[in-house]
Every structure is written in C-alpha cells, then in structure tokens.
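J.: Given chain A, work out where chains B and C should sit, using these hints.
Chains as they are written, first to last, in this note's numbering: chain A, 9 to 430; chain B, 69 to 221; chain C, 973 to 1331.
No lab work stands behind these hints, which were simulated from the structure alone.
Please read all numbers here as calculations on a predicted model, not as lab measurements.
C-beta atoms are modelled at their ideal positions from N, C-alpha and C, and glycine is treated no differently.
Heads up, a few of these hints could be off.
Examples of chain C residues toward chain A, derived with CB under 8 Å [to be verified]:
#, residue
1, T1048
2, L1213
3, R1214
4, M1217
5, Y1220
6, L1237
7, G1238
Label-pair restraints from in silico Cβ distances [stated by the list, open to error]:
#, chain 1, residue 1, chain 2, residue 2, range
8, B, N189, A, T209, 46 to 56 Å
9, B, D187, A, D242, 26 to 36 Å
10, B, A80, C, R995, 25 to 35 Å
11, C, G1146, A, K63, 41 to 51 Å
12, C, G1146, A, V211, 44 to 54 Å
13, A, E260, B, N149, 21 to 31 Å
14, B, D211, A, T131, 52 to 62 Å
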Amino acid sequence: MAILPNRFGLLGVAHDCALAGCLVLVACVGYGQTKNSCLDCHAALPDPLGVTQEKFSQDIHAQKGLTCVSCHGGDAANDDPDKAMSAKAGWKGNIERRQIPQLCGSCHSDPAYIRQFNPSLRTDQLGQYHTSVHGQRLAAGDTKVAVCTDCHGVHDLRAPSDPRSTVNPVNVANTCARCHADANYMKGYSIPTDQFTKYSTSVHYQALAVRGDLSAPTCPTCHGNHGAVPPGTDKVQNVCSNCHAFQDQMYEQSSHKQAFQAASLPGCVVCHGNHGITYPTDAKLGTGPEAVCMRCHTPGDKCDQARAELLVSLTKLDQAIRNADKALALAESSGMEVSEARLAQGQAVDSLTKARVTIHSFRTDLVDQDIQAGLKIAAKDLQTGRDAMVERNRRRAGLGVSLVAIGMVLVGLRLYIKKLEG
Amino acid sequence: MTVDPLSEPAQARRRTIKVFLGSGLLASFASFIYPVLRYLIPPPVADLGGDEIVASKLSELKPNSAKIFRFGSHPGLLIMNSDGTYRALSATCTHLGCTVQYRSDLRQIWCACHNGIYDLNGRNVSGPPPRPLAVFDVHLRGDEIVVSRKREA
Amino acid sequence: MFAALRNWFDERFDWDNLIAPLRHKTVPTHRLSYWYFLGGITLFLFGIQVATGILLLLYYRPGANEAFESVQYIMTQVKFGWLIRSIHSWSANLMIFTAFAHMFSVLFLKAYRKPRELTWVSGMLLLFLVMGFGFSGYLLPWNTLAFFATKVGTEITGQVPIMGKPMMIFLRGGEEVTGATLTRFFGFHVAVLPGLATVLLLLHLLLVQRLGMSVPPKLEVQWTVNPSARREMTFFPNFLLREMMAWYLALGVLGVLAAVFPWNLGVKADPFVPAPAGIKPEWYFLFMFQTLKLIPSKVWFIDGEVLGVLAFGLVGLVWLLLPFFESDQPSHMKQWITGLAVFALAYVAGMSVYGHFAK
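Just chain A, same shape as in the assembly (with noise of 0.2 Å):
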C-alpha cells in the first residue's frame, strides 16, 4: 500500500493548481512530475541495474502512470542519489525475490486500486500462487522457483495481451521452458526436463505456432497459470474434454473409463501421450509402432477383435473417399464439371471424422453408423466421377462422328472444286 499515498499526494496537488488556474504552476508540478532521477543513472548502468526510459515506457505500469518509486519507494525527484535512496526517503533497494509477490500483491489482490485500472481484472493471483507448487516452495524458502517477474518480466512488463509478451498464449511455453527445460536448474527437482522439447512436437505446439490458433492449448492451459500444479492422473480427462468435448461424451460411456479409473491411469493420456500429443492416426489400432492397444490387451481376444473391427471399418471409408476422390480428380483433369460431388465428398470425410471421434466410446455398432453414412456418400461420389468418364467418352465419340462428317463434307468440296476447275 505504500505507494497509494504517494500517488494521491501528487493527484492532490495537481488538483489543487488546476483550481488555482495558475499554467505556470500546472506546467512546474508537471515536470515535476515526469521527472524521475532514477533514470538519469541507471539508464548509463550495465544491466541488472539498468533501466532506460525506452525499455520502461513498454511497461504497462508506466503507461498506466506508475514509476520507479511506486515498487521501489524513494524520492525520484531529488537530484542527488544519496537523498533519493535513502531510508528517509523510504526507498527499499532491491526488491527481495521472496518479497516480489507479496509487493506485486499489494496491488494485483486489491480490487477496490485495481478496478481503478480495469475492473474485470483478476485479482486472486496472490491467493492462486500461494496454492501453486512455485509458491508453496517459495514459502519453504526456495528461491529457485519462479516469481511474478520470472514470466510476467520487469521494467517492460506488457500486457499479456501483447503478443510480444512473455505470457501471450503464443510465448508463454518458451518462457515456462526457460527453467523447465533446463536440466542444469532444474537439478534437484524430480521431475523431467523435456516437456517442452515434446509439446514441440505435438498437434498443440504445431496449431498454436505454426497455424497461430490462439485457443489451441500450451502450458497453462492445463497446467494452470498462477496456481500451477500438474492436474492429476484422474482428471486428466476433464481437461482434455473442455475441448474435446464429444470424445468425452463418447468415452464417458466406454469401458475403458471404469478400468482406467480402477487402475489409476490417466485417462486420455494412456494412449495419446501428454506434451508431445501427435496427430492420431488410424494406425494407433492396429498392430505396428503406433499401436496402442495392443500394450495392454491380449492377442484374439473379445477386444482385440472389436479393435480389428474398427480398423478394418475406419480404413475400409478413408479408401473409399480416395478413391472417389481419384475417380473425381481424374474426371476433372478431362474437364468434366463435378464440383457438386466435390462439395459431397466434405461430408465423407466429416462421416469419417466423427467416426474416429465416435472411436472413443469404443463400440462397434456406433462407429458403424458414422461409416455407413460416409460409405453411401462416397459411393454415391465414385459413381458420379465414373459417369462423368462415361459423358467424356460419349462426348468423344460425338465428336468422332462429327468429326466424319466434317472430313466427308471437306473431300466432297476438294473433289467438287477439282471437278469445277477441270
């Protein structure tokens, strides 16, 4: 709180002068206001202590009108440095890392100063961090784990909004690897180091920095941002279904989910992984490298038959999209107009994706349904890409005739001419 006063004093006295009228003054309490001797030195010092006014106008502190005394204390409109760093002054130096989030806090967990800024922002990271495993540590006095200004950055803290920075969704998995990567720091802890170098393999990573879809997940989606902890084996699935809402739906009713439950696995991650999440194939059912069933059921029994079943269903529709899709590509490289049957084959391939989501209930007799649907309209597309090779061979044969007819009517002129012209 010790910067509020501070802060209503300089309003106070602006007020004041703008009552009074007097420009003079109004333009001598502004410089004195803009003024901040901080910068003077500690823009020339090398860099744990420098500061420039460039680098501090990013900050969103500064934009909103806070400066250097507002987190440090001190007098920033004295000249000498003796002065305006002086415990009179109630300056605090470096700011402790154990002491960081309780000074962020003394703002960030007040509504009532907060609201002045932006009155739908949080306000609950204090309380969040205290329940995170980087705050619990912290309290246990280690200094190793992070603190707000390890992600949030300090003196150019933008707005996470900001694509440029440190916790936008596009940056903030490389700011979390920054330590987690990091074996050397990370020495000590039990826990891995190369969670980052796998989410950069996954669907996620590849839709959020490759296709720059913002909603797709990186780490605080799951993991959660100021309350940090691993979500749990046993809710993994709850997690994964704030998306992936249907293949929740559909593996709520498989049996996998009362057997995983009974022998603690983590749900969607048994089979698809955790961080480095790939694309799934169909091969995931079958019996190669990427199989995954077969890890934990026996060969010929109920289920690996079932799973047979689904393979041979899932992969008997994807060739039959290709091949009406080859019977159409090959009908249009002959000029043949089958945009409509183009347009049909999206629904195809939509039957096909719902059926690989339909997959996760595990049931034969439902993904059947979505196989069905999407065998008749392939189908229906294969015929209309051969019919439209049959029109191409009839229209060729028109031509031919045409054609005859054409050459007869040019011998009959030359014969005629000839005739004419003796």
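T.: For chains B and C alone, kept in the frame of chain A given last:
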C-alpha cells in the same frame, strides 16, 4: 429427264461428289443442329440462382429443432426457435471448418470438434471459434422456407 | 422452285444487280494467296461467336451472386451447355489469333497501301474491339482468375494521366471491381461492342468488296509489266468453296478443342480472398502485361507504368495510321514498315512466350 452427255467415269465421279457433299453436309448440319436443339430445351432441374435456396418445407421442422441444408457450396443450418421463428446461418465452424449443429438442450449452436459454442445470432461465445458464423436471411414463400444471402444495406 | 423464288426477289429487290459485283469479283492467285483466307476465317469465327453467344444468353445471368452459378448450371445441367460454352471460349481465342494473323499478313503483303487505308483503319479498330470482347467476356463467368485479371487490367487503365482515373471508374462502375463491374462488362460484351463491331464489319467488308483484293507490290509490278502473267480465280464459287473448306476445318478444330479440352470454370470469385500468386491476363494481353512489368518503376522522373501505358497508346495510334506513312508506288515501297512489322511480330511473340513462362 435430260440425257447426261457425260462419259461413264465422269458420271461416277459426279456421283461420288454428290454422296460425299450431300451426306457430309447433311450429317455435319445434323451434328451442329442436334446439340443446339437439345440445348434449347431447359433442363428439368430449375436453376434457383446462387443467392437463394429453398432450405426446407414448413412441415419439416418442429419448434426448437434444426436441419442442415446446402447453400451454394457450403452447408447451412436452419433453426426453428421455440417461438416458431426461423434462423439460418452458415454451418461451417470458423475454427477448423467442421459442421456445427443445433443443441436443443442448450439452445445454442455447438461444434462437436472442439466444443465451440455460438449463440443463435451466430456469435462465438465460447471455445476456440475465432469469428462469428455468417447469418442468412430467411423468409417464407408458401410452404417453403427460403434462405438468401444477407443483402448489403 | 428455287428459280421462282429468285425471280420473285429479283422483281422486288433487283437481286441480280445487287449480287452482280459478287459474280464478277475475282481473287488473284499466286503463291501467297493462302493468306487471303484469314479474314474469312475470322469472319466465320465471329459468326460462331454471335450464334453461341446468343445461345449462352438463354441461361446466363449477370450479377455477382448469380453469374458463376448460372455458368455452372450451363456447364452441368443444360444438355450440351458445356459444348456451347467451350466453343464460345475456344472460338473467341481462335478468333483473336486469326485476327492478329490477318493483321500481320496484311502488313507483310503490304495490302494496306493506297487506296486501302480505310480498310486498314477499320480493320485495326475491329481488332481493338475484338480485344475488348475478350477482356469483357473473360470476366462474365465471375471466377477468381477473371476477377483479379480484370482488377489488374482496369488498374492499368487507371495509370493513364488525367483521363485514367475517370476511365477506370467508368469501366469498373465504381472505385473497385464489384458486381457493378460485371453488369457493365456484360452490357459492353453483348450490346455496345457487338453494335460497334457490326457497323465496322459492314464497312470493312464493303471496302474490301469495292476495292477488290490487293496484290503484293512486287507481283503487281510484274503483272503491270506483263499482263499475261496475271492469274485470278472467280470469287464465286471457286474461292468461296475453298473458304468453305477452311471454315469446315476450323469447325473440326473447334470441335476437337471443345470436346477434348472443355473450358474449365474455375473457382467463384471472392473479393475478400487475397489474389492468388502469378495472376496473368489472357494470352493476347500478355505481351503488354509483361512489358509493363519489365519497365522500371521510375524512368527519369516519369512513373514506369504511366510511361508504358503512354507508349502503348502511341504505338497503337501509329499502328492505326500506318498506311499513311507508306508510298503508293509499288516500286518505291518503304522497307522500314516491313522491318517494323517483323520487329513487332517478334516482340509480341517473344514477350508473350516470356510472359507465359515468367513467374
């Protein structure tokens, strides 16, 4: 009948020319005229035009239900609200292009692929969709529900 | 019966006198006579364009929301619609090609010289009109390629100093290429241009009819010195029969092109989609397009594009008036005009090929 003064071979040649020219001209004209005549007969499938389509019959939908219809080269979603009014929107999710569906329990439009939710005005209210769905105009003509592209004001 | 009908018309129209010039019309025969067919073939293709164009009008509907769909309807639903449209498109391209070939043959045979200056001028104007037909017709299916080609094409018009901007707005029916442009282009394509073309075509044919066929200058000198060397054939029926052979041949070629390579439809134009890479105009505009691309963006103090457009305008004007630079004495023909024609042919062909392969 005039007597042909020409010799036999000349007569034969004349006949050849006649056959070639006569049948050739006849056949070629037929092959030009036939397609044109067929072209002139309008096909049974009436062309409704690109900006308007009959999405459904009045009797097809019950209150608080919906159906997918084809609109040009994309699917559309026609919803009958509980109060009997109609709404038509593009059915292609703005996230990854899945086909959205109407959830009568939520009274919202839902995309099964990644749990995207739109309200009945097509606005993306939760989940990954980055943009709202395009909304079409609906009007009734006899017992047909006609959907058309929104006219620019 | 035929004779009776003829008599009936003769009594009322003086038919025999009307077609008398045709009876007496002759065509010189020499080793370059083949070039005389080109004009006739172009005329024939124009006729095909009129016929297939009228047929297309039965189903085509202009308008940004309907044009593409109606062409798609013609291509898929209407019986033989694909044939009519493919012939219209192929015949258009062939016609532009034969018109260009006709122009160059007239140049090389020096058929434009006195007294045929007006024939040349009307022919050149027809060539410009034919290109206008091509440009306006290309947009009508309202597909992506056509949309952006039109955008680029009208943009170039906008480069002309002073007049350019109003001209571009006139062509586009607004600041941008929209449905309004389509409506306009449709009007140009089916009403304005055909009207102008018909008048000019009649004038062109009348002039050809009045002046007879030109003979290359060298041959003309020979034939003047030695009148017995003169070879001619009557237009009717000898030349016309040969011309008919050429027409039938053209029909066969058109049939093959239309049936084996039907003109495709492309993807419906969407003004909000970014322009696909490598947008190019139709091949007959490529040489101009490529030239404009090659001119540096600033030449001295003038804008490169402006300079290019002005240069083409000037060249076009000179080309239009070329006969007036020629001597009327067959023995004193100006060789630089032939040189210019050779250069122009090489330039147009080279630039078109370069433009086709350039990225």
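J.: Confirm or reject each hint.
T.: Do the hints match the structure? See the list:
With 8 Å as the threshold, the beta carbon of T1048/C comes within range of chain A, its nearest partner Cβ sitting at about 5 Å, so the hint holds. With a least beta-carbon distance of about 5 Å to chain A, the hint placing L1213/C at the interface is held under the 8 Å criterion. For R1214/C, the shortest C-beta to C-beta distance to chain A is roughly 7 Å, which falls under 8 Å, so the interface hint holds. Against a cut-off of 8 Å between C-beta atoms, the interface hint on M1217/C holds, since the closest Cβ of chain A lies about 5 Å away.
Nearest Cβ of chain A to the Cβ of Y1220/C: about 5 Å, under the 8 Å cut. The hint holds. A distance limit of 8 Å between C-beta atoms decides the matter here; for L1237/C the minimum to chain A is near 6 Å, and the interface restraint holds. The closest approach between the C-beta of G1238/C and any C-beta of chain A is roughly 10 Å, which is over the 8 Å cut-off, so the hint fails. Taking the beta carbon of each, N189/B and T209/A are about 40 Å apart, not inside 46 to 56 Å as hinted.
Between D187/B and D242/A the beta carbons are some 33 Å apart, a value that agrees with the proposed interval 26 to 36 Å. Between A80/B and R995/C the beta carbon distance is about 31 Å. The supplied range of 25 to 35 Å therefore holds. With their beta carbons about 48 Å apart, G1146/C and K63/A fall inside the hinted range of 41 to 51 Å. Checked against the hint of 44 to 54 Å, the C-beta distance between G1146/C and V211/A comes to roughly 45 Å, which is consistent with it.
For the pair E260/A and N149/B, the beta carbons lie near 30 Å from each other, so the given range of 21 to 31 Å is met. Between D211/B and T131/A the CB atoms are about 57 Å apart, so this pair conforms to the stated range of 52 to 62 Å.
Checked against the numbered hints listed earlier, the structure breaks hints 7 and 8; every other hint is satisfied.
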